[in-house]
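Asks: Let the sequences and hints guide you as you build the complete structure.
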Amino acid sequence: MSLAPYVRIVARGKGRARAMTMNEAQEAMTVVLQGDAAPEAVGALLMVMRLRGETPEEIAGFTAALRAHVKNKLPKADLDWPSYAAGRSRGVPLFLLAARLVGQAGYSISMHGWNSHQSATASVREAIDLAGPDVTYTRLETLSPPAFDVLTLRDTLGLRSCFNTVLRMWNPSGAQATVQGVFHPSYRSLQAQAAQLLGQKELSIIKGGGGEFERHPSKDIALFGLREGAHIQQAAAPILDDTRRLHEAGDTIDLHALWHGRADNPFAVATVTGTAALALWTLKAVPTLSQADQMARSLWDQRHQPKDQSA
Numbered sequence: 001m002s003l004a005p006y007v008r009i010v011a012r013g014k015g016r017a018r019a020m021t022m023n024e025a026q027e028a029m030t031v032v033l034q035g036d037a038a039p040e041a042v043g044a045l046l047m048v049m050r051l052r053g054e055t056p057e058e059i060a061g062f063t064a065a066l067r068a069h070v071k072n073k074l075p076k077a078d079l080d081w082p083s084y085a086a087g088r089s090r091g092v093p094l095f096l097l098a099a100r101l102v103g104q105a106g107y108s109i110s111m112h113g114w115n116s117h118q119s120a121t122a123s124v125r126e127a128i129d130l131a132g133p134d135v136t137y138t139r140l141e142t143l144s145p146p147a148f149d150v151l152t153l154r155d156t157l158g159l160r161s162c163f164n165t166v167l168r169m170w171n172p173s174g175a176q177a178t179v180q181g182v183f184h185p186s187y188r189s190l191q192a193q194a195a196q197l198l199g200q201k202e203l204s205i206i207k208g209g210g211g212e213f214e215r216h217p218s219k220d221i222a223l224f225g226l227r228e229g230a231h232i233q234q235a236a237a238p239i240l241d242d243t244r245r246l247h248e249a250g251d252t253i254d255l256h257a258l259w260h261g262r263a264d265n266p267f268a269v270a271t272v273t274g275t276a277a278l279a280l281w282t283l284k285a286v287p288t289l290s291q292a293d294q295m296a297r298s299l300w301d302q303r304h305q306p307k308d309q310s311a
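Reminder that position 243 of the sequence shown reads as 243 in UniProt numbering, one-by-one numbering, no gaps.
Check before you lean on any hint, since a few could be wrong.
Unchecked claim - Taking lysine to aspartate or glutamate and the EDC-like style, the derived pairs with C-alpha atoms no more than 20 Å apart in a straight line are:
| id | residue 1 | residue 2 |
| --- | --- | --- |
| 1 | Lys73 | Asp134 |
| 2 | Lys73 | Glu141 |
| 3 | Lys284 | Asp264 |
| 4 | Lys71 | Glu141 |
| 5 | Lys284 | Glu228 |
| 6 | Lys207 | Asp242 |
| 7 | Lys201 | Glu228 |
| 8 | Lys201 | Asp36 |
| 9 | Lys219 | Asp242 |
| 10 | Lys71 | Glu27 |
| 11 | Lys284 | Asp134 |
| 12 | Lys71 | Glu126 |
| 13 | Lys219 | Asp241 |
| 14 | Lys201 | Glu27 |
| 15 | Lys76 | Asp134 |
| 16 | Lys73 | Asp149 |
| 17 | Lys284 | Asp78 |
| 18 | Lys71 | Asp149 |
| 19 | Lys219 | Asp251 |
Calculated directly from the structure, the hints in this document are not laboratory data.
Replies: Structure below.
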C-alpha cells in the first residue's frame, strides 16, 4: 500500500489540504511501520505535519498504529515513564532517582526510550542501574526497530518530527498511569487531548528538564493531563527557594554519591523528591500534591531502610 493518498491529504496546498482523521492517521502510520512506504513519502508527510502543527487526532492515530504494530508487549506495569529527550543541554538524569523512590513505594515502572545527542554525563543508559529493581528500562531499538527507524529520520531530515510525541504517548506496558515530560509547553495540551482519544485514564504532563519528566523544584509547575479520563490543569507550587536553572552549565553531580549520602546537594535532592511526588500523585498514592511532596521526602529519608511504605 502506498503512503501517497495520505501525503495528498496534508499537502494539497492552501485551501485544499487538511489534517488527517484519527483513522486516516492510523492507516498512514501502519503503512510506514510495515515498511511499505517510500522514504521520500515518509519525509514529506512528517515535515508537512511539522510545518503546520499536528492535531490530537493525528497523534492518537499514529500512536494507535504503533501499539497495534508491536506484538511483543512489555510486562504490565503500574506506571509508564517514557524517556526520549535529546540535546546537549541536559544534565545528569536525576529523574532516575525519582523513579527509584516511586518503586520504593511499591509501584512497578516501565521506562522506555532513546536519548541521542547527549553527553556521557546526561546519559540515561549509563546510569540506569540507579533506577533500582522496580524500574524496567527497554531500549527503543530493541522494542521496535521500525519505530526506531522513523525516529532516527531526524538525522536525515535535520528536524524532529511528531514521532517523538508519539513515542511519549505509546505506553507499551499498558499502564493505567503515565507521566510525560515535554520541551515545548504547547505540547502539554496536545498530548493530553490525544491521550483522552486513546482512552488513557491517568496522565501527568509537565515542561520538564530537557523534555524529560523532571520537575524544577523552585518554579511553579503547570500540570496538564487526565484524571479518570477527564482533563485537568493544575499548578504545583515551588518546594524550594533557589533561583537557578534546573541544569546549570558545568554542574557535576555524582548520582551514586547523592543516593548513598556521600554528597550534599539540596537542589538536586529537591529535584528528585519533587519529581517523585508528581509521579506518586499521578498514581493516586495520595490525594493531594502537598501530601505527595511529603510522601516523597519521607521515601528519600528512608531510602536505605527496608521497604515499609507500599502502594
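Asks: Compare the structure with each hint and give your call.
Replies: Here is how each hint holds up against the structure:
1. Simply put, lysine 73 and aspartate 134 have alpha-carbon atoms about 18 Å apart, close enough for the 20 Å limit, and the pair holds.
2. Distance check on the hinted pair: lysine 73 and glutamate 141 sit about 14 Å apart at the alpha-carbon level, within 20 Å; holds.
3. Our distance criterion of 20 Å between C-alpha atoms is broken by lysine 284 and aspartate 264, whose separation comes to about 30 Å.
4. Our distance criterion of 20 Å between C-alpha atoms is met by lysine 71 and glutamate 141, whose separation comes to about 15 Å.
5. Among the hinted pairs, lysine 284 with glutamate 228 is consistent with the structure: their alpha-carbon atoms are about 11 Å apart, no more than 20 Å.
6. Distance hint between lysine 207 and aspartate 242 is fulfilled; the C-alpha atoms sit about 18 Å from each other, no more than 20 Å.
7. Proposed proximity of lysine 201 and glutamate 228 is supported: the alpha carbons are some 5 Å apart, at most 20 Å.
8. Using a Cα cut-off of 20 Å, the hinted pair lysine 201 and aspartate 36 is violated, with the two alpha carbons roughly 33 Å apart.
9. A C-alpha spacing of about 9 Å is found between lysine 219 and aspartate 242, which places the hinted pair at or below 20 Å, so the restraint holds.
10. This hinted pair checks out: lysine 71 and glutamate 27 have alpha carbons roughly 17 Å apart, not beyond 20 Å.
11. A distance of roughly 18 Å separates the Cα atoms of lysine 284 and aspartate 134; the hinted pair therefore holds under the 20 Å criterion.
12. At most 20 Å may separate the alpha-carbon atoms for a hinted pair to count; lysine 71 and glutamate 126 exceed this at roughly 28 Å.
13. Annotation: proposed proximity of lysine 219 to aspartate 241 holds, straight-line Cα distance about 9 Å (limit 20 Å).
14. Taking the CA atoms of lysine 201 and glutamate 27, the gap is about 24 Å. The hint is violated against a cut of 20 Å.
15. Distance hint between lysine 76 and aspartate 134 is fulfilled; the C-alpha atoms sit about 12 Å from each other, no more than 20 Å.
16. Pair hint lysine 73 plus aspartate 149 holds up; C-alpha atoms about 19 Å apart against a cutoff of 20 Å.
17. Our distance criterion of 20 Å between C-alpha atoms is met by lysine 284 and aspartate 78, whose separation comes to about 11 Å.
18. Between lysine 71 and aspartate 149 the CA atoms are separated by roughly 17 Å; this keeps the pair inside 20 Å, and the hint holds.
19. Restraint check: the Cα-Cα separation between lysine 219 and aspartate 251 comes to about 19 Å, which is no more than 20 Å; the hinted pair holds.
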